[in-house]
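J.: One-letter residues, chain by chain:
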Amino acid sequence: MDDAELLDLSLTDLSWLIAARKVSAAEALQATLTRLKALDDKLNAFITVCAESARADAKRADQEITAGNYRGPLHGIPVSIKDLFEMNGVLTTGGSKILQDWLPERDSTLVEKLRAAGAVIFGKTNLDEFGHGGTSTLSHFGPVHNPWNLDRIAGGSSGGSAAAVAARIGPLSYGTETGSSVRRPASYCGIVGFKPTFGIISRHGSFRGAWSQDHVGLFARTVKDIALALDPVAGYDARDPASVRQDSSAYAERLNENVKRLRVGVLGKFLDGVDGPVRDAFTASSKVFADAGCEIVELDVPEISYAAMTSMLTSSAESAGINRRWFRERAQDYVPHVARGIAVGMAITASEYLTVQRARHRIREAVRAAYDQVDIIAAPTTARAAPPLAQGVQGNGDDSRHASYNQSNLLRFPSMLGLPGCSLPCGIDADGLPIGMQLIGAWFADQTVLNTAAAYQSATDWHHRKPALVD
Amino acid sequence: MADPDKLTQRLALLEGGEFSPADLEAIAEEIEDNLRVVAELEEFANDTAWISHQAQPKDRKA
Chain A
0 MDDAELLDLS LTDLSWLIAA RKVSAAEALQ ATLTRLKALD DKLNAFITVC
50 AESARADAKR ADQEITAGNY RGPLHGIPVS IKDLFEMNGV LTTGGSKILQ
100 DWLPERDSTL VEKLRAAGAV IFGKTNLDEF GHGGTSTLSH FGPVHNPWNL
150 DRIAGGSSGG SAAAVAARIG PLSYGTETGS SVRRPASYCG IVGFKPTFGI
200 ISRHGSFRGA WSQDHVGLFA RTVKDIALAL DPVAGYDARD PASVRQDSSA
250 YAERLNENVK RLRVGVLGKF LDGVDGPVRD AFTASSKVFA DAGCEIVELD
300 VPEISYAAMT SMLTSSAESA GINRRWFRER AQDYVPHVAR GIAVGMAITA
350 SEYLTVQRAR HRIREAVRAA YDQVDIIAAP TTARAAPPLA QGVQGNGDDS
400 RHASYNQSNL LRFPSMLGLP GCSLPCGIDA DGLPIGMQLI GAWFADQTVL
450 NTAAAYQSAT DWHHRKPALV D
Chain B
0 MADPDKLTQR LALLEGGEFS PADLEAIAEE IEDNLRVVAE LEEFANDTAW
50 ISHQAQPKDR KA
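Chains A and B supply the protein sequences, listed in that same order. Take the first sequence: its letters are residues 0 to 470, numbered as in numbering that gives the first Met the number 0. Take the second sequence: its letters are residues 0 to 61, numbered as in numbering that gives the first Met the number 0.
Just so you know, nobody snuck in bad clues.
Reference excerpt, derived from the structure (chain A facing chain B, CB under 8 Å, subset only): (1) 308; (2) 347; (3) 400.
Here are the simulated distance ranges between beta carbons: (4) 57(B) with 101(A): 37 to 43 Å; (5) 14(B) with 292(A): 55 to 61 Å; (6) 237(A) with 49(B): 26 to 32 Å.
Take a look, some chain B residues computed to stay more than 10 Å from chain A by CB distance: (7) 3; (8) 20; (9) 56; (10) 57.
Please keep in mind that the hints were generated in silico from the structure rather than gathered at the bench. Predicted, not measured: the structure shown is a model, and the values here were computed from it. Ideal Cβ positions, reconstructed from N, Cα and C, are used throughout, including at glycine.
Given these sequences and hints, build the entire structure.
T.: Here's what the structure looks like:
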């Protein structure tokens, strides 16, 4: 098997081959590092590459597997993580000048769990500074480029993770989402991005964007890969106050593609302003669900029209609280756009924040009632495919903070409410850019989301498409 | 902003950061926009219960 074939393997297939000792962890890592070296000047997806420690980890994994001590599906798998997860002794910048020399003295819970699973962490991915953005153009280390078209954005804030997986620089990456930072870049980069219910994966040891909305999420190319990679990192952690006590996770084992009689809700009123090709791809996806025996239910939840403004004000105020000390002392060291955003958050008063939380509660109750009518909500992930880099932070075009039936509300409500959500590829536009669809489940219906997404991938082949850059 | 004093009060909340006049103008515009957004949300959330973090007795379901 040559390097290109090896890198094209899904996590599921690579894992099987490593367990069977047909491919070594060292070989998988070397192919990944070679690809990274060849492409990252173009993509700028990585801030730090830890080749030396990764080689040692891969060697250890191979020795353990040879000795019969196989730890599970992530054993020996090359994995990257967003550069806001602490990793003992490894540069952790948050994409910021402020932390450009910071070497943490502990591992985040995510890193602890990945190490325990035998994963080989080879690099830390680029992002909008401290996760404040939706484009990955707001990094102190320069913008991330989209592998499908280097003049387009990868989306943010976990853009480096999404670009890496799309470019086959490792089959798996972990990121975070506060507003849309997993689902949006997954959509723009033509891969699967999943964020579980709030509290399923511990955030301990990761830099916070807005504590009441921050989630850890995953990027891979198939839903089965996501399920395999979710199992080892999910679980209660007392060090994260939002962590949820849950049954032992077995998402991969429980994956079931039978979605007959599943009620799929569509919020048709929110599709105004969605680009034609995206709307067409989504309509075709709805037909896939109908053909699989799902019931398509037209939903009307007008309260969601307040979701974007509520989410944005919440994260603005919370990020100001988080950054307050640095902002007072080192405002000039932030990326200017991020500094302005924190300044705006500083000016939100306590009573305004509480008013916003009251609105959030009303939206939560309305969405809770909607899940009495449906099992899952489907929607386009973004209103259009990846915008040009030249448009900068304005490119996404969905940052309206006023109530309306626009698509940005569909993007924002899941993370604001802590619902599980998955973006997966569902089309290609005339410019050759991927289009994404998101599936949103009720609280703790993570398995339903994964099952539905897996059923969609079984019936379609969009997830097999790849950028010309790696074809 | 209709009330310049109110804007001055808000800008005083920034606590730090040296911004250019253009930046300050952009920040002031966003603050003003936020005030309109909060007014919309206040009306929207008017009949909603205030949030509390009440725990339930251990042997009772919420």
